[in-house]
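**Q** Here the protein sequences line up with chains A and B, keeping their order. Be aware that the first sequence starts at 1, since it is given in the numbering used here, and climbs by one per residue. Be aware that the second sequence starts at 1, since it is given in the numbering used here, and climbs by one per residue.
None of these hints come from the bench; they were simulated from the model. Predicted model only: the values in this text are computed from it and were never measured. One or more of the hints may lead you astray.
Listed below are the simulated DSBU-like cross-link pairs for lysine-lysine, each with C-alpha atoms no more than 35 angstroms apart in a straight line [to be verified]:
#1 B:K249 x A:K354
#2 B:K58 x A:K278
#3 A:K263 x A:K152
#4 B:K31 x A:K354
#5 B:K167 x B:K118
#6 B:K24 x B:K167
#7 B:K20 x A:K354
#8 B:K24 x A:K354
#9 A:K291 x A:K263
#10 B:K167 x B:K124
#11 B:K58 x B:K20
#12 B:K20 x B:K7
#13 B:K7 x A:K354
#14 A:K354 x B:K58
#15 B:K226 x B:K31
#16 A:K354 x B:K118
#17 A:K354 x B:K167
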Amino acid sequence: MTVTDAARESVTSGLEQDKKDGHLSVSHLNPPPSYDLADHPAPTGREEIWRFTPLKRLRGILDGEASDATLTWDTTLPDGVTLTTISQAEAREIGELAPNDRPSALAAELSGGARLIDVPAEAEIAEPIVIRLHGESVDDLVWSQLVLRVGKFATATVVLVHTGSARYSATTSVLVGDGAMVNVVSLQDWDDDAVHLGRDSILVGRDAEVKHTAITFGGDVVRLNANVEYAAPGGSAELLGLYFADEGQHLEHRLFADHNQPKTKSNVLYKGALQGEKAHTVWIGNVLIRKVAEGIETYEENRNLVLTDGCQADSVPNLEIETGEIEGAGHASATARFDDEQLFYLRSRGVSEKEARRLVLRGFFNDLIRRVGVPSLEEQLTTTVEEELARNVLKTDQ
Amino acid sequence: MSTLEIKDLQVSVSTDDGPKEILKGVTLTIKDNETHAIMGPNGSGKSTLAYSIAGHPKYDITGGTVTLDGEDVLAMSVDERARAGLFLAMQYPVEVPGVSVANFLRTAKTAIDGEAPKLRTWVKDVNAAMGQLNLDPTFSQRNVNEGFSGGEKKRHEIAQLELLNPKVAILDETDSGLDIDALKIVSEGVNRYREQEGKGVLLITHYTRILRYIEPDYVHVFVDGKIADQGGPELADALEAEGYDRYIKANATPA
Chain A
1 MTVTDAARES
11 VTSGLEQDKK
21 DGHLSVSHLN
31 PPPSYDLADH
41 PAPTGREEIW
51 RFTPLKRLRG
61 ILDGEASDAT
71 LTWDTTLPDG
81 VTLTTISQAE
91 AREIGELAPN
101 DRPSALAAEL
111 SGGARLIDVP
121 AEAEIAEPIV
131 IRLHGESVDD
141 LVWSQLVLRV
151 GKFATATVVL
161 VHTGSARYSA
171 TTSVLVGDGA
181 MVNVVSLQDW
191 DDDAVHLGRD
201 SILVGRDAEV
211 KHTAITFGGD
221 VVRLNANVEY
231 AAPGGSAELL
241 GLYFADEGQH
251 LEHRLFADHN
261 QPKTKSNVLY
271 KGALQGEKAH
281 TVWIGNVLIR
291 KVAEGIETYE
301 ENRNLVLTDG
311 CQADSVPNLE
321 IETGEIEGAG
331 HASATARFDD
341 EQLFYLRSRG
351 VSEKEARRLV
361 LRGFFNDLIR
371 RVGVPSLEEQ
381 LTTTVEEELA
391 RNVLKTDQ
Chain B
1 MSTLEIKDLQ
11 VSVSTDDGPK
21 EILKGVTLTI
31 KDNETHAIMG
41 PNGSGKSTLA
51 YSIAGHPKYD
61 ITGGTVTLDG
71 EDVLAMSVDE
81 RARAGLFLAM
91 QYPVEVPGVS
101 VANFLRTAKT
111 AIDGEAPKLR
121 TWVKDVNAAM
131 GQLNLDPTFS
141 QRNVNEGFSG
151 GEKKRHEIAQ
161 LELLNPKVAI
171 LDETDSGLDI
181 DALKIVSEGV
191 NRYREQEGKG
201 VLLITHYTRI
211 LRYIEPDYVH
221 VFVDGKIADQ
231 GGPELADALE
241 AEGYDRYIKA
251 NATPA
């Protein structure tokens, strides 16, 4: 899809508005980043960025109590990769990305220090850097601050796996050097009562390529932001997501691609399935194309498969365009049930209804799982998807 | 032995204005080694007959019986019918994103046979079926019907027919949208299937063209949900020359 005349008109009015205001435009959809907690007051639930989130189920995280509880860290660090602890001030000095909502601002304030994972320039790290984070109890309130720094022309894959339970609020910055290639996967495989508020912000260097995948199966409430901005022209970001919400779960994924540099790319694909009473998913895909961002290309897509009655999938793509001089901008969103015609076709070949549903669902997630690009994870993800299915949709031959 | 027996079949679909009767009592028996062609104008209920036999949920059976070798087909689920030996080659095969042809065929074969096919012979069989239908070897890696041309969809249906090898095949307008080369390839596939002992074919078509390549034993003319006329292959020649007009007019005349 390319920009339409209507979009060009809104561009013109946007430009005029900028002139009047006399400052750089800001996103109308995303509060500006700030470390000052006063800029991130406790939400009422009416705010644009909070209107989908069940605040009462956050178990008081947003009150911002101090806590020195931590998750257990179990890491696999290939040669050449270092993990150190740095102060909050040092995290800012090396250019971590400032918080842009209350949970991330609280995490930056209360973490007591940041973990820094460093991949030096030109290092080619073939094996994934794996960080297994485990919480013991939802009574534990954990603030976390993490910086992943990947030097120029380096290649690395980072896999974060969350298990167990906690009230967990984390702010993560991924700083990607010029020409680097980085693949970040965050897997949320929490126990049923966990609450996880996370913000991953990515700064993409010149001509760098970043892939970020959020995979969420577990937790009572999981609300994740994946933000991307660019340090220089030519960077590209692929933001992927896979989620599976069961009865009562609230899984919220919020994307923000801030095209603040020319010739940059963003490509978003999130796919989710829902089953069981009050399974709720939210997908917000915000894209801002700033005035300077000429020649950019962006596409975002969200697909949801509703497997049973009583589920709710909210899906909101937003595109703010301040220049029409771009390669392309588009989005798509679709939420559907199992397609009866697909099931009929498969069953007319002798395949049982249960097996037909399994095939369709595997197929639905298949292209996404392949794109994650971590071969050792592919099989595990396929298995997890099938285990999720077995809980409900495949429970009985209908 | 395989006999598909359709007796006084009545079928309706639900519409906004209530149920609409589409099949008004169809009686037809397909025995061993018989090929029956059903011809008729658009909207006469030909496809409804095919989908009703296969068990599509859209159609309500309001009367009559369908049996395969004496077994009550109408009491079976869609997949049970296929496992009992019925096959429907669809006019508009459905896309199944993310599911490869290879995976689909193996899953179907396993379901039909009740056990997984022996890997080595199966791969050979699939490659042979693909080759005979002039489908590229990489075809197996593509997703089912996704991005297939019209001709590829129909050839893929016939590849399934040959690999699943049912007792009775129902072909719903398999000839539509095919150029002459593709039509020949598809017809050869159907002929390979029916040369085997004891297979039945119900071939539904709007045009007589395909009957030059797949010669029927019986031709039935379908008009307004009923069989209006039947005969041998010569009936198809008459239809070729005269079209359906005289049946439609006859049907419109009050008795």
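**Q** With reference to the structure, classify each hint as holding or not holding.
**A** Right, here's what the structure says about each hint:
1. B:K249 x A:K354: The hint is violated at about 48 angstroms.
2. B:K58 x A:K278: holds (30 angstroms)
3. A:K263 x A:K152: Satisfied, since the Cα-Cα distance of roughly 19 angstroms is no more than 35 angstroms.
4. B:K31 x A:K354: holds (33 angstroms)
5. B:K167 x B:K118: Holds - the C-alpha atoms of K118 (chain B) and K167 (chain B) are around 21 angstroms apart, at most 35 angstroms.
6. B:K24 x B:K167: Holds, because 26 angstroms separates the two Cα atoms, which is no more than 35 angstroms.
7. B:K20 x A:K354: holds (31 angstroms)
8. B:K24 x A:K354: holds (34 angstroms)
9. A:K291 x A:K263: Roughly 12 angstroms between the alpha carbons, so the hint for K291 (chain A) and K263 (chain A) holds.
10. B:K167 x B:K124: holds (22 angstroms)
11. B:K58 x B:K20: With Cα atoms ~12 angstroms apart, K58 (chain B) and K20 (chain B) stay inside 35 angstroms; holds.
12. B:K20 x B:K7: holds (20 angstroms)
13. B:K7 x A:K354: holds (32 angstroms)
14. A:K354 x B:K58: It holds: about 20 angstroms lies between the C-alpha atoms, which stays within 35 angstroms.
15. B:K226 x B:K31: OK: K226 (chain B) and K31 (chain B) at ~20 angstroms, within 35 angstroms.
16. A:K354 x B:K118: At roughly 23 angstroms apart (the allowed maximum being 35 angstroms), K118 (chain B) and K354 (chain A) satisfy the hint.
17. A:K354 x B:K167: Holds: K354 (chain A) and K167 (chain B) sit about 24 angstroms apart, inside 35 angstroms.
The structure shown violates just one earlier hint, number 1.
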